[in-house]
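Colleague: Those sequence lines, one after another, are chains C and L. Heads up: the first sequence is residues 1 to 89, going by UniProt numbering. Heads up: the second sequence is residues 1 to 416, going by UniProt numbering.
In case anyone wonders, no lab produced these hints; they're calculated from the structure. Certain hints may be false.
Said to hold, decoys possible - Selected chain L positions facing chain C (in silico; Cβ < 8 angstroms): (1) 249; (2) 254; (3) 307; (4) 411.
For glycine and all other residues, C-beta sits at the position ideal for the given N, C-alpha and C.
Now for the letters of each chain:
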Amino acid sequence: MRIDCPHCGSRDIQEFVYRGDASVSRPDPDGEDALKHFVDAVHLRTNPAGFHSEHWYHSGGCRSWVTVVRDTLTHEIESVGFANEEIDR
Amino acid sequence: MRYSAFSLFRETLNKHRGWKPTWRDATPKSTYDVIIIGGGGHGLATAYYLAKEHGLTNIAVLEKGWLGSGNIGRNTTIIRSNYLLPGNQAFYELSMKLWEGLEQELNYNAMVSQRGVLNLFHSDGQRDTYARRANSMRLHGVHSALLDADEVRRMVPILGFEEARFPIKGGLWQARGGTARHDAVAWGYAHAADMRGVDIVQNCQVTGFLREGGRVVGVETSRGKIRARKVGMSVAGSSSRVAAMADLRLPIESQVLQAFVSEGIKPKIPCVVTYGAGHFYISQSDKGGLVFGGDLDGYNSYAQRGNLPTVEHVLEAGMSMMPSIGRVRMLRSWGGIMDMTMDGSPIIDRTPVEGLYLNGGWCYGGFKATPAAGWCFAHLIARNEPHPSAAAMRLDRFATGHILNENGRGAQPNLH
Ligand SMILES: Cc1cc2nc3c(=O)[nH]c(=O)nc-3n(C[C@H](O)[C@H](O)[C@H](O)COP(=O)(O)OP(=O)(O)OC[C@H]3O[C@@H](n4cnc5c(N)ncnc54)[C@H](O)[C@@H]3O)c2cc1C
Ligand SMILES: [Zn+2]
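Make the full structure from the sequences, and use the hints.
Modeller: As C-alpha cells, then:
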C-alpha cells in the first residue's frame, strides 16, 4: 500500500502511522449528555466494510496528518488530503 | 457415527468404504428455538453446549460460507491460560480445562497437544512483569514457572543465544499450554452438535434481522427468512457488520492479522515460543512446518489478506530471535480479520436489542477460548444471565470504566 501524501507525493505505507477513524469528532464538553457522547466518541466505531475515512500521520516524512479515504475490502485509496483542511466536512 | 478403535478396524477391513460424512449438510427449517450466526469454532461450540448442557434441541448454526472458512481455519492454534487480570484468567482457565477433556467429550481427535508455552524475557523489567503474571496465574490456581536462561537453553537450544541482539534472560512457562488442530476443533464440534440434532446450515448468509416491537424474532438470510426465539451472533471479524443490521455500533475495529508456515523440517521447536523483544511467536506443526506470526497490519481491513511491510517486520523479528530461521523456506502466508476491541478483551453479553446476544471482540486470541466461549455463550443464551467465568466480558464496560486491558494501553485497537 502507498499513500499519496499531498506534501511529499506517493510514499510507502511504512512511513505512516495509523490514527484511526477520521469521522470521529470531539463532543461538546458543555453539551447535554456530554459524558455519554465522550464515551461513544472514544469507543464506538462504524467500522464499515467499504470506504472508510481515516487519519494517517506521516511520521517518516513531512509529519502532516492526512485524511485518507480507503476501501477496507480492497485497500484501494480513493482520496488523500491534509486533515486540517477537511475539518469542517 | 461414533469413532473408536473398533470403527477404524472395521473400516480397514471394509477398505474404508463405509465412512459417513461427519455432519449433515442441513436445509434450514422455518423456525428454531435458537439461531447461532457463524459456523466458526465459537458458533459450533455454542450450539453443542446449548444442546448438551441446556437441553435445547431445536438449534441452527447459520454459516455464510463453508464450515471452518473463517478464523477457526486460519489461526496459529495456540492454547494457553496465562493471563494477568482476574476477569480474564478464570475464563481462560475454564477453557483450558475444557480443552483437556475435549476429545473424549466430542468423540473426535482434535490433536490437543499440551507441549507448553514459553514467553521469553530479555530484561529485568520484563522479568518482573512476567513474575507478576506468573503470580497472578498461581493466585487463580494455575501452575506457572519462571525459567532462567539456562533452563530455556536446555529446552529450546535453537534460539539465538550467542551474540544475540537481545540476550534471552529467561521465560514464563505454562506447561499445560500448547496447540490443537484448528480445523479438527470445528469439525469435532460440528460432529458432536450434529449428533445431538443441531442443524448446521452452510452457504446461508444472514442479511438482516426480523424484528417485532423492537425484539429480534429471527433472521433474513440468503436462503429465506428463519424465525427464532433467540439469536446469537458469533461472527468474529464480521461483528460490526452483523450488529449494524440491528442498528448497533460496537467498540470494535476489524483489522487483519497474518500467519505464516514454512517447509517441514526435523523437530526443532518442542513448545510454543513467544519473543519478548519484538512481536513474534512460533511453534512447529506435527508435519514439521514452522507456524508463526506477529503484529497486526494495524489498520481497518476486511480484505483477509495483508501487506508486505508486515511480512518483512514479522520475519525480521523471527530472525533476531532465532537466526537459523533464515535458512528455512516459507511456504505460505495468509490473513484473517480480527474484531479488535478498544481494550483488547472480548465481549460475551446481551445486547440492547431484546432476543439478540453477542459473542465477539476476540481480537487475535479467540482460538484458545473456543470451548469456554461456547460454554459461556450457551449459558448466557439459555438462562439470559452471564456465566460467572465470563461476567466481566460485558458490552457496557467501556461506559462504566470496568475495562479489561491486559497490556494497559489505551482505547486504540491496533495497540492490543
Ligand atoms: C492469523 C491468525 C492467527 C491466530 N492465532 C491465534 C492463536 O494462536 N491462538 C488463539 O487463541 N487465537 C488465534 N487467532 C484468533 C482466532 O482464530 C479467532 O479469535 C477465533 O477463531 C474466532 O472465533 P470463530 O472460530 O468462531 O471465528 P470464525 O471461524 O471466523 O467464525 C465466524 C464465522 O461467521 C461467519 N459469518 C460472518 N458473517 C456472517 C453472516 N452475515 N451470516 C452467516 N455467517 C457469517 C464467517 O463466515 C465465519 O465462518 C488467530 C487468528 C488469525 C486470523
Ligand atoms: Zn508527507
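Colleague: If a hint holds in the structure, say so; if it does not, say that too.
Modeller: Hint-by-hint comparison with the structure:
1. With 8 angstroms as the threshold, the beta carbon of residue 249/L comes within range of chain C, its nearest partner Cβ sitting at about 4 angstroms, so the hint holds.
2. Hint status for residue 254/L relative to chain C: holds, with the closest Cβ pair at about 6 angstroms, below 8 angstroms.
3. Proximity of residue 307/L to chain C holds as hinted, the smallest CB-CB distance being about 5 angstroms (cut-off 8 angstroms).
4. For the restraint placing residue 411/L at the interface with chain C, the shortest Cβ-Cβ distance is roughly 5 angstroms, inside the 8 angstroms limit, so the hint holds.
Violation of the numbered hints given earlier is absent; every hint is satisfied by the structure.
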